Amino acid sequence: MRIPGPFRVLVVLLLVVLSWLVGSALFGGESGSPLINFFTGKRGASVEPTSAETRPRKYKCGLSAPCPPKHLAFRLVSGAANVIGPKICLEDKILVSSVMNNVGRGLNIALVNGVTGELMESKSFDMWAGDITVLLKFLRVLHEGTLVLVASWDDAATKMDDEARRLFEELGSSVAKKLAFRDTWVFVGAKGIENKTPFEQLMKNNKNTNKYEGWPESLEMDGCIPLRPPGARPLEQEGV
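Take the sequence shown: its letters are residues -24 to -1, 1 to 216, numbered as in mature numbering (1 follows the signal peptide of the UniProt record, and there is no 0).
Hints may contain errors.
[Said to hold, decoys possible] In silico EDC-like cross-links for lysine to aspartate or glutamate, where the CA-CA straight-line distance does not exceed 20 Å:
# : residue 1 : residue 2
1 : K180      : E193
2 : K34       : E193
3 : K135      : D102
4 : K167      : E120
5 : K46       : E67
6 : K167      : E97
[Unchecked claim] Here are the simulated distance ranges between beta carbons:
#  : residue 1 : residue 2 : range
7  : K180      : K46       : 32 to 38 Å
8  : K113      : K183      : 16 to 22 Å
9  : E193      : D138      : 24 to 30 Å
10 : N184      : E94       : 42 to 48 Å
11 : P205      : K34       : 25 to 31 Å
12 : K183      : K46       : 43 to 49 Å
13 : E193      : K113      : 30 to 36 Å
14 : K183      : P44       : 16 to 22 Å
15 : D107      : S40       : 37 to 43 Å
16 : N184      : P205      : 27 to 33 Å
Hints are computed from structural coordinates only; laboratory data are not their basis.
Just so we're clear, the structure is a prediction, and the values are computed from it rather than from any experiment.
We treat Cβ as the ideally placed atom computed from N, Cα and C, and that holds for glycine.
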């Protein structure tokens, strides 16, 4: 039986369209084509933002917003239990970390020039079995305006005496008197600060609330530290 002419034309057209659709699917034709969408039931394709567009932008030391001019971006991370060491970042430079192999049990301290923002010295002090006089000598000779960044690890207070607590209070600490065995502490102070620092966090060691067995959770703190006025003389450290 012969197929009527008009019907043959319709069959040919359908074969052409189907061949084109198959070819587009196999060879990467545009999925957003109106014709394909018509046959597949899809609506017009929307342009999805790339991962770079959706990912929040990070600034120095991972801050979510940039610091104002003449301010230093910082991030402090205390150690976790006695396993993961602390980290101190300033202006996108890692001053203290396990990777740099310059951390230790107790108090990890970085001294920074309050005028230039340059690292002066970093050191760790064992507050479980160390000699407290080493820490006292370190703190007694600080010059006016020196920034002091502290991140604890494991135990920050067993060897702490009244003088050490007083010296940290003079640097702006509000919690130095309360610091106890295995408390977690992060702190940014300065020699000669007039008021208590806004950059300090303390997590008490409490067996009922500890995240780790025998230790509270790690603390993380970031922010922007104002530099000293331009006319202030550069700082130096002596006798450490």
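Hint check results:
Straight-line distance between C-alpha atoms of K180 and E193 comes to about 9 Å, which keeps the hinted pair within the 20 Å bound. Proposed proximity of K34 and E193 is contradicted: the alpha carbons are some 24 Å apart, above 20 Å. About 8 Å separates the Cα atoms of K135 and D102, which keeps this hinted pair within 20 Å; it holds. Restraint check for K167 and E120: the C-alpha separation of about 5 Å stays at or below 20 Å, so the hint holds.
Of the supplied pair hints, the one linking K46 and E67 holds, its CA atoms being roughly 11 Å apart against a limit of 20 Å. Among the hinted pairs, K167 with E97 is consistent with the structure: their alpha-carbon atoms are about 15 Å apart, no more than 20 Å. Separation of K180 from K46 is about 35 Å and conforms to the stated range, judged on CB atoms against 32 to 38 Å. Between K113 and K183 the CB atoms are about 35 Å apart, so this pair departs from the stated range of 16 to 22 Å.
A hinted range of 24 to 30 Å holds for the C-beta pair E193 and D138, which are about 28 Å apart. Range check, N184 to E94: Cβ separation about 43 Å, and the 42 to 48 Å hint holds. At about 29 Å, the beta-carbon gap between P205 and K34 stays in the expected band of 25 to 31 Å. Checked against the given bound of 43 to 49 Å, the beta carbons of K183 and K46, roughly 45 Å apart, stay inside it.
Under the hint 30 to 36 Å, the C-beta atoms of E193 and K113, about 32 Å apart, fit the expected range. Checked against the hint of 16 to 22 Å, the C-beta distance between K183 and P44 comes to roughly 42 Å, which is inconsistent with it. The supplied range of 37 to 43 Å is met by D107 and S40, whose beta-carbon atoms lie about 40 Å from each other. Between N184 and P205, the C-beta spacing of about 47 Å breaks the proposed range 27 to 33 Å.
Hint compliance for this structure: hints 2, 8, 14 and 16 are broken, all remaining hints hold.
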